[in-house]
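Start from the sequences, fold in the hints, and give me the full structure.
Chain by chain, the residues run as shown.
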Amino acid sequence: MSLDNFRKETKDWLEANCPQSMRKPIQSEADICWGGRNWTFASEDQKIWLERMAERGWTVPTWPKEYGGGGLSKDEAFVLKEEMKAINARSPLDSFGIWMLGPALLKYGTHEQKLEFLPPIARGEIRWCQGYSEPGAGSDLVSLRTKGVLDGDHYTVNGQKVWTSYADKSDWIFALVRTEPDAPKYNGISFLLIDMDQPGVSTKPIKLISGKSPFCETFFDDAKAKVKDRVGDAGQGWEIAKYLLSHERAGIVSEAAFGGLNPVSAAHQSGEVDADGKMSDPILRGDVARLTIDGLAFDATMRRVKEEADHGEGVGARASLLKYMGTELNKRRNELNMSALGYDGLLWEGEKESDGEVARSWLRSRANSIEGGTSEINLNIVAKRVLNLPGA
Amino acid sequence: MSLDNFRKETKDWLEANCPQSMRKPIQSEADICWGGRNWTFASEDQKIWLERMAERGWTVPTWPKEYGGGGLSKDEAFVLKEEMKAINARSPLDSFGIWMLGPALLKYGTHEQKLEFLPPIARGEIRWCQGYSEPGAGSDLVSLRTKGVLDGDHYTVNGQKVWTSYADKSDWIFALVRTEPDAPKYNGISFLLIDMDQPGVSTKPIKLISGKSPFCETFFDDAKAKVKDRVGDAGQGWEIAKYLLSHERAGIVSEAAFGGLNPVSAAHQSGEVDADGKMSDPILRGDVARLTIDGLAFDATMRRVKEEADHGEGVGARASLLKYMGTELNKRRNELNMSALGYDGLLWEGEKESDGEVARSWLRSRANSIEGGTSEINLNIVAKRVLNLPGA
Amino acid sequence: MSFVLNEDEQMLRDSARAFLNESAPVTALRTLRDEKSPTGFSSELWSSFAEMGWSGVLVSEDHGGVDMGYAAAGLVLEEMGRTLASSPFLSTSVLAATAFNLAGTDAQKSKWLPKIAAGETVIAIALDERARHNPDHIETRAKKDGNGFVLSGKKRFVNEGAGADLLIVVARMDDDQLGFFMVDPKADGVSREDRRTVDSHVPADFSFDDVKLDGDAFLSGADDSDAAYRRLLDAGRACQAAESLGVAEQAFDDTIAYISEREQFGVPISSFQGLQHRAAHLLGELELARSLVRRALTTLDTQPSQAPLWCVAAKAKATQVSRLAAAEGIQMHGGVGMTDEYDIGLYYKRAQAAGEFLGDDAFNAGEVARMSGY
Amino acid sequence: MSFVLNEDEQMLRDSARAFLNESAPVTALRTLRDEKSPTGFSSELWSSFAEMGWSGVLVSEDHGGVDMGYAAAGLVLEEMGRTLASSPFLSTSVLAATAFNLAGTDAQKSKWLPKIAAGETVIAIALDERARHNPDHIETRAKKDGNGFVLSGKKRFVNEGAGADLLIVVARMDDDQLGFFMVDPKADGVSREDRRTVDSHVPADFSFDDVKLDGDAFLSGADDSDAAYRRLLDAGRACQAAESLGVAEQAFDDTIAYISEREQFGVPISSFQGLQHRAAHLLGELELARSLVRRALTTLDTQPSQAPLWCVAAKAKATQVSRLAAAEGIQMHGGVGMTDEYDIGLYYKRAQAAGEFLGDDAFNAGEVARMSGY
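Chains as they are written, first to last, in the working numbering: chain A, 1 to 392; chain B, 393 to 784; chain C, 785 to 1158; chain D, 1159 to 1532.
One or more of the hints may lead you astray.
As the list claims (entries may be wrong) - So the derived label-pair ranges between C-beta atoms look like this:
id, chain 1, residue 1, chain 2, residue 2, range
1, C, Asp960, B, Glu699, 43 to 51 Å
2, A, Lys85, D, Gly1306, 54 to 62 Å
3, A, Glu116, B, Arg777, 55 to 63 Å
4, C, Gln1087, B, Arg777, 32 to 40 Å
5, D, Ala1385, A, Phe41, 51 to 59 Å
6, D, Gln1335, A, Glu82, 41 to 49 Å
7, D, Glu1219, A, Lys8, 34 to 42 Å
8, C, Arg1014, A, Gly350, 30 to 38 Å
9, A, Gly350, C, Asp960, 29 to 37 Å
10, B, Ala434, D, Gln1335, 55 to 63 Å
11, A, Lys8, D, Gln1168, 36 to 44 Å
12, A, Arg23, D, Ala1385, 39 to 47 Å
13, D, Lys1302, A, His268, 44 to 52 Å
What the hints assert, rightly or not - A few chain A positions that, by computed beta-carbon distances, are all more than 12 Å from chain B:
id, residue
14, Lys85
15, Asn88
16, Ile126
17, Asp151
18, Leu261
19, Ala309
If you're looking for bench data, these hints aren't it; they were derived computationally from the structure.
Please read these numbers as outputs of a predicted model, since none were measured by experiment.
We treat Cβ as the ideally placed atom computed from N, Cα and C, and that holds for glycine.
Dropping the structure here:
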């Protein structure tokens, strides 16, 4: 089928199948569909939209059909994205299964594992969370201590993970576990899939400075993980985790650079503009102009890197540079939003539901340069792997 | 004598003895009196002024009288400075002997050394230069390779120094020389005074990016240094050098922070101001305002530290912090001067003698954060000795 | 004027530090927040400020105060910044006391200054009407009406507005001069909307709808009431800067303590040169802010005519440095810096809010340029 | 429009790099400087630009050029920046060619574009009249006088002014519109003062004292000559940014090479995390500048109406990054960075001068804000 035909058919299908209420921009957290065993749909339309898209495999358009995907080519997937954007169609399903575990399984999983785990992700039936970081081992994953002891057909897992996103709402966890205590540090870690619906797994939300609790501590207390649910070989976990981290970095950056409030809109909101729309504070205006330039530059850089990747130049360790630049930019944008709003930006709780949203986003942005590899770690990676500077 | 009496007498003496032509601000390099065996006075007045001041010991007002100084108390010296400033009197003599070797000899020298070396410094008869750095050993003085071998009553010195200020115009050099090859790195270095008027010493000016050559390479080729001209014990050179470096740092900072062109004057010079004196470019104006704030802050900090030192709190490793902040500030000031001047700042050679002066000062300022300990070295010192952070 | 603390000042600082660590540590702010304190401060703590003798720091001895000046007030605020103590000290003991000192009649002073010194009242100053501090933009009007006035207008984010017994409202008079007016927040025509802010304070917006005021609601003791208004702003800036400085100092200290403890790759992360250089740079920025704040405060006390430039410079620098110190603090804390469990996030929030009051770094840098004539 | 170089562009870049490394390395600039070249560039090198086919990069094939567009011109300039090659390429092949393309009559194009393509002439554009770039401030007047014009005014720091065969002067006409006028620098009433600058170029100041011009001195082919002037500035900004980018790239490469070699405390200084983080950050800044420059150039070629914002953004960023890269380069070189022997100082000087032309980062940031409507 030609791309033009595909575009036409897609357009028609979306027009016929996307409920009207799913054609409005996401207003709040509650509008996002995460799926999972205990999921409560926000509306009937949200449920219908997920079912219809999942049936075509379009929750994961580029995954093979046999694993619940749409089997689309990259170009076709891009057309689908464009056509969804054209009608403001919401994403039918967001999940760490789609963004992270899926790509790992597609690359490192066995056929059986793919058949077992991918379709429920595609249909939003199982919600996954990620178990990498531990107290005392943030950027330094190598020193992690959660232990898995081989015991027949399963591992007995003990330890504690931290920064597990939405672990309290998830069904399964993909976790890095030290299974080979005698192997050198980097080679002793395995990548295990663990069902959280068992007595040995418990979670505790972490309250953040933004007042929200998207992350948990997750405790393993003689938890069981089947050996057949280990992805890759025993000891290959570090390699798989690195592969996934680069996916995560790209995700954080694209979220960081685009969308959201900008300081010029903020100044209009707070009335801090002259009659002709010029920002009232000339020095703040200069700071915003420099942000605009870097924003344009970052946007252009993302497009350039994408084009170069399409020409086979690969992103590689440059992902670390993009992640660093993009997240620093996003922090600056949020700071300038707050300045442009002045006192209004300080509002935290009030009568309107949106009160405090800007401040929460500003606080949330500070995590960008910590999660998925801190800025410092990314600068180390760039120095060593892009600039080839020697280890300290 | 009360301080008020001292002030009155000083005022009268200056009025009677300071030639009128010595009561004008320094216009250029040529107006500075450095002294030395080969010195040619720029004017008869310059000579008279030096002689009269030296006779009272006021070229080095706080040094003891027996060593050619004025024997003044700190407070009296401050009064002298104020009264000289009041009539714009020029410094009668500038020299590394006064700023650096003098303080070292006063602290570490023997009575005989002081009697021999200090009076000629005070009278401007001998000009000194400093021989610390070597090619390959800038911030890392410990790895220096210039060697002195003990041979009866003298050392035979071989090696090369770099960044020796005005070595080509100096009579003697105070140099760090490795005399104890078997001692641990820091303990093998001695502080030697070497007469440069001997076949074994030669110099070669280094051309700088500012187009000037205030520094030289200095070569020792079987040069002789008398053992009696060693300051301190054999191997004590590192300690003496550190003492002097802190003097040097203070000197660079006070030069860096005060005096010289500022961006607001620069904007007036280049005509880049509105009718009411407001800088025309609003974004540049914002940058300059932030510089002004940091300039006020640095000025206040220098006064605070001085007051605290008078109260016995000591400066110590904080000198490194001041040096770092002051020199970074001076670089910013010079950059903004250039921006405020626009094209005019680019002028390098032309018909007026002052052409190129701003650009040369701008280029010169880049050295501030390299000489006397780089910014990086100073930040290391602050981290370790002020903040007590562990070694890397 | 001296940069070095004299004996009285040292005693004051030491006792403030000891008292606040004991009576108003960061956990006290957490409690106010978690219990949704209606005023955002503790009345009990405010009373104890009077017992400590701080409430009357700017009140003459005749009126029951200790008359120690702005430098002393700044020391208390700096220590408050260190523990994030929430108290009407700045609004009442600094701003309101300054307003009475500058513009009050003898009768007004005799009535109100003793109350301030005794910690018997909470007074809020209603200044700003726009989202960003803008001292020229005052549209609230006090029209002459017989022997009294009629007040109309709106004020925004009035600090301690939710808990104030009395408002001092800046309003434009019939001759366009600005004046201070005392207003009972419960009077007819006054409406209040509380604003719970990110730093867990509770400022309030006020509307004045033809509020009738007696003639002696006007602080009529100033020769030049515009000038008194400017002086009040300067004093407020220097003192708010002192609090921001304390916020910066403690954020920095917490961070240095954390990175010295926290290990990664088998060594304390404070041993990494990347962090060391940033920490050393931050210390330099702190030193600059410290000098400016002290300079502004002592100049207010000894050469008030020279103070304006130092006050705006200090406010700009303290705002910038406190935000930077807390932001760097979160980054150096890593993941735990994002959690509510650690204090560093609270410092970041307070740095933002304190920075906004009486103008942030951009606003005050503009003032520096203006005052410097460029 | 594409960020990725096509085959022709790759070939052009590779040949430019090879040729300039061979024929115009940094030592060539040193020679021009040390011999006090009266024009600041080598005529021989300029002739060889024609042989390489670069001089006619913006000239149509009809007029003997290769018509490759701004993206291609930018690639040549980027490589020139890398070796600090001094050549009238920007003034003649970019700015003058653009002026003729936008505003020349057919006859003017036929006469001058072939000369440009053949490298037979050096043309300088006389724009600025103030110390800082200010495109609105044009007081030079071209008054109608019979069939011709009389030109009066002053121009400052005209690039390649000392070596130009022809000037194109921007002047205000009787209707206050701006127009381009060809002026023989040797004509009566023209006086020139050479300005030897820090980067060893030789721009010149010009005075025009009632200079008589023929009617065909005016480039009268543009419908809207003000718009043509704006377009010329945009093109100049993007192309000057490309040269600055090259300056930044080579300054960075030289610095990385130096710190990788230079040892201190027994290890290469490039192993210190403090320098590593700054180097990595610089690389990020370079990537941003690179993307903006490419985006501005390709937009000029393919969607000129969209180009202005990208051109000012690119100019601002390339100015800032080239100055930063060279300044950091000197610091990381340490003492030797201050010596004339090493090249890094020459990059710092060129970054300053190139950054000033057509507006520095502050000016162009202001333009970004203005064009973005805030």
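For each hint, the structure was consulted:
1. Taking the beta carbon of each, Asp960(C) and Glu699(B) are about 44 Å apart, inside 43 to 51 Å as hinted.
2. Take Lys85(A) and Gly1306(D): their Cβ atoms lie about 58 Å apart, and the range 54 to 62 Å holds.
3. Range check, Glu116(A) to Arg777(B): Cβ separation about 60 Å, and the 55 to 63 Å hint holds.
4. A hinted range of 32 to 40 Å for the beta carbons of Gln1087(C) and Arg777(B) is consistent with their spacing of about 36 Å.
5. Between Ala1385(D) and Phe41(A) the CB atoms are about 56 Å apart, so this pair conforms to the stated range of 51 to 59 Å.
6. A C-beta distance of roughly 44 Å is found between Gln1335(D) and Glu82(A), which places it inside the suggested range of 41 to 49 Å.
7. Between Glu1219(D) and Lys8(A) the beta carbons are some 41 Å apart, a value that agrees with the proposed interval 34 to 42 Å.
8. At about 33 Å, the beta-carbon gap between Arg1014(C) and Gly350(A) stays in the expected band of 30 to 38 Å.
9. Take Gly350(A) and Asp960(C): their Cβ atoms lie about 34 Å apart, and the range 29 to 37 Å holds.
10. Here the CB-CB span from Ala434(B) to Gln1335(D) is close to 57 Å, well matched to the stated 55 to 63 Å.
11. A hinted range of 36 to 44 Å for the beta carbons of Lys8(A) and Gln1168(D) is consistent with their spacing of about 37 Å.
12. Judged by the Cβ atoms, the range 39 to 47 Å given for Arg23(A) and Ala1385(D) holds: they are separated by roughly 41 Å.
13. Here the CB-CB span from Lys1302(D) to His268(A) is close to 46 Å, well matched to the stated 44 to 52 Å.
14. Non-interface status of Lys85(A) relative to chain B is upheld: no Cβ of that chain comes within 12 Å, the nearest being about 36 Å off.
15. Interface exclusion of Asn88(A) from chain B stands, the closest Cβ pair being 37 Å apart, more than 12 Å.
16. Under the 12 Å C-beta cut-off, the non-interface status given to Ile126(A) relative to chain B holds; the minimum distance is some 46 Å.
17. Under the 12 Å C-beta cut-off, the non-interface status given to Asp151(A) relative to chain B holds; the minimum distance is some 42 Å.
18. Distance check for Leu261(A) against chain B: the nearest CB is about 23 Å away, which clears 12 Å, and the non-interface claim stands.
19. Look at Ala309(A): its CB is around 36 Å from the nearest CB on chain B, clear of 12 Å, so calling it non-interface holds up.
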